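Work out the full structure: start from the sequences and follow the hints.
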Amino acid sequence: MSVDVCEAPHCQLVCENSSFLDEENSLVSLVQQLHFNYKVSLLIPDCSSAPSHLDSVINSFSSFVLIKNMPVSEFIDKDFLETAVYPGSVCALSYRTRIGEDNCVALMPNGRLRLSLDRHSYHLLGIEGKVSKFRSKGRHIVSVDLTDSSMAPGGRGYDRLLSGLTCRLPLTSDFLLSHQQGVQSCLKSLLSRYDWSELRPEVSTKVLHQLTCPSDLGSCDAYSVMDWLGAVDAGISSSSIGSSSSFLSTYTCPGPQRMATTALSISVSGFLLPHHVQILIMEVRQFLEQSSSPWASLTVHGFTDNVVSCCENEHGRLRGGVNFYTLLMSKGHDYKLLIVTGSHDSCSP
Amino acid sequence: MKGVSTQKKSTGYQRVVLKNSAPVLENESTRLSAVEFKQFIITGLKILYGEVGAALTFDVLKYDEDSRTAFLRVPSRGLVKLWSSLTLLGSYQDQACAFRILQVSPFLLALTGNSRELQLD
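Chains as they are written, first to last, in the working numbering: chain A, 20 to 368; chain B, 2 to 122.
None of these hints come from the bench; they were simulated from the model.
The model shown is predicted, which means the values in this text are computed figures rather than measured ones.
Where is the CB? At the ideal position from N, CA and C, for every residue including glycine.
Any given hint could turn out to be false.
[As the list claims (entries may be wrong)] Partner residues aside, some chain A positions facing chain B, computed with beta carbon under 10 Å:
| no. | residue |
| --- | --- |
| 1 | LEU32 |
| 2 | ARG117 |
| 3 | SER216 |
| 4 | ASP252 |
| 5 | SER265 |
| 6 | PHE290 |
| 7 | PHE343 |
Quick look at the structure:
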């Protein structure tokens with residue numbers, strides 16, 4: 020497939036206006052289906068300090084583990100299957116592997132093991148898979164349901180996968196791994212065999228002063244809103260915004276504008292799970308009801324090199340790997356959801 | 002009430018944001034201010050595309066003088082011109098230099114969440 024260098028990277032933007040009270044809103048399923056999240060950014064205007072309960076919720080996000088040079092065959096180890104995969108409490112993602120270039124591996128909480136392999140590795144592995152939708156000539160996707168009866172230890176499917184991962188294609192990689200009940204307590208035997216380190220999500224809290232912001236976020240178009248949120252998140256200073264005659268930049272805050280005396284910006288990055296995001300959404304909603312802040316925005320970025328996007332569809336990256344959603348919450352139960360996926364994504368709302 | 006709309010960017014106007022590093026310079030101690038940085042890029046556009054190319058409007062949204070990293074914003078019709086002129090800019094004040102584009106996206110928000118920047122070891 021050739022790349023059209025005359026065109027800018029394509030993205031798909033889905034906008035949804037709904038309510039938390041609507042039972043059919045797609046927010047819950049979207050949050051649950053994006054298993055691997057890299058960063059969550061929260062912006063609350065007219066707020067000068069993080070409320071204590073929000074702080075404690077963020078600091079209680081579970082730690083995750085970085086395991087070095089672990090063979091992929093460990094995911095089908097009998098002990099690991101019994102303690103982690105079958106209960107549905109573990110997820111893992113290969114670290115520092117580039118989708119579309121390297122072999123990437125993801126293990127989802129539902130027990131599905133997904134491998135994105137180059138052609139040579141795919142043929143060596145010897146397990147049936149599918150051709151990648153985005154790179155038909157050089158990439159294959161292998162998806163195995165480890166909870167299926169055919170993949171029970173001793174079964175034909177299990178033996179074939181085991182021999183593939185141990186003899187024909189002994190893939191190893193660094194992995195980010197998280198377990199709902201705590202990695203150290205539940206995966207002792209696995210961790211004892213490899214070099215690993217326990218890590219906590221990195222939290223950064225900033226109080227912004229004299230922030231020029233749109234007076235009515237709901238009336239701005241989605242692109243302007245996301246550009247403005249990006250400008251705030253990137254730390255683009257106020258002097259660069261709102262000055263259309265500047266030599267350096269003509270970017271301005273979408274109008275009409277107002278000046279927020281203070282605004283709270285929190286970002287959490289690491290290996291974040293869906294239930295972290297769900298808890299954070301609930302806490303922010305509660306905070307909005309009690310505070311004077313008119314709205315809050317929560318942006319969740321997925322891993323660029325993830326093997327899956329939402330609905331367990333294939334995720335790819337050509338020049339972008341864009342994979343995030345922004346939730347704009349106002350007082351009450353209404354929200355606006357903006358989902359952005361790249362050209363190599365088949366994410367459907 | 003629930004409303005869902007899907008939009009694909011039309012080919013009319015589209016903002017594309019680049020996150021790139023400023024020149025890797027032969028002499029690391031050379032410092033560029035934000036204004037000098039933008040002027041340097043304009044010079045590159047002029048060399049490659051002439052006066053018309055130099056008239057391409059782009060914004061330096063953010064520039065870090067220490068790491069020489071910048072966020073640039075350009076209309077999509079100007080992406081190829083800007084990207085190619087950055088690629089071919091090879092010297093600054095008689096010093097060899099090179100630009101490295103880190104990330105390109107239609108959304109500035111996408112540039113703030115690149116998991117490839119995650120450093121855990």
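For each hint, the structure was consulted:
With a cut of 10 Å, the hint placing LEU32 of chain A at the interface with chain B holds, because the nearest CB-to-CB distance is about 5 Å. With 10 Å as the threshold, the beta carbon of ARG117 of chain A comes within range of chain B, its nearest partner Cβ sitting at about 8 Å, so the hint holds. Because the closest C-beta pair between SER216 of chain A and chain B is about 8 Å apart, less than 10 Å, the hint holds. Interface hint at ASP252 of chain A: satisfied, since its Cβ lies 4 Å from the closest Cβ of chain B, which is below the 10 Å cut-off.
Below 10 Å, beta-carbon pairs count as interface contacts, and SER265 of chain A has one with chain B at about 9 Å; its hint therefore holds. With a least beta-carbon distance of about 9 Å to chain B, the hint placing PHE290 of chain A at the interface is held under the 10 Å criterion. Here the hint on PHE343 of chain A is kept, as its CB sits about 6 Å from the closest CB of chain B, short of 10 Å.
Going down the numbered hints, you'll see the structure goes against none, and every one checks out.
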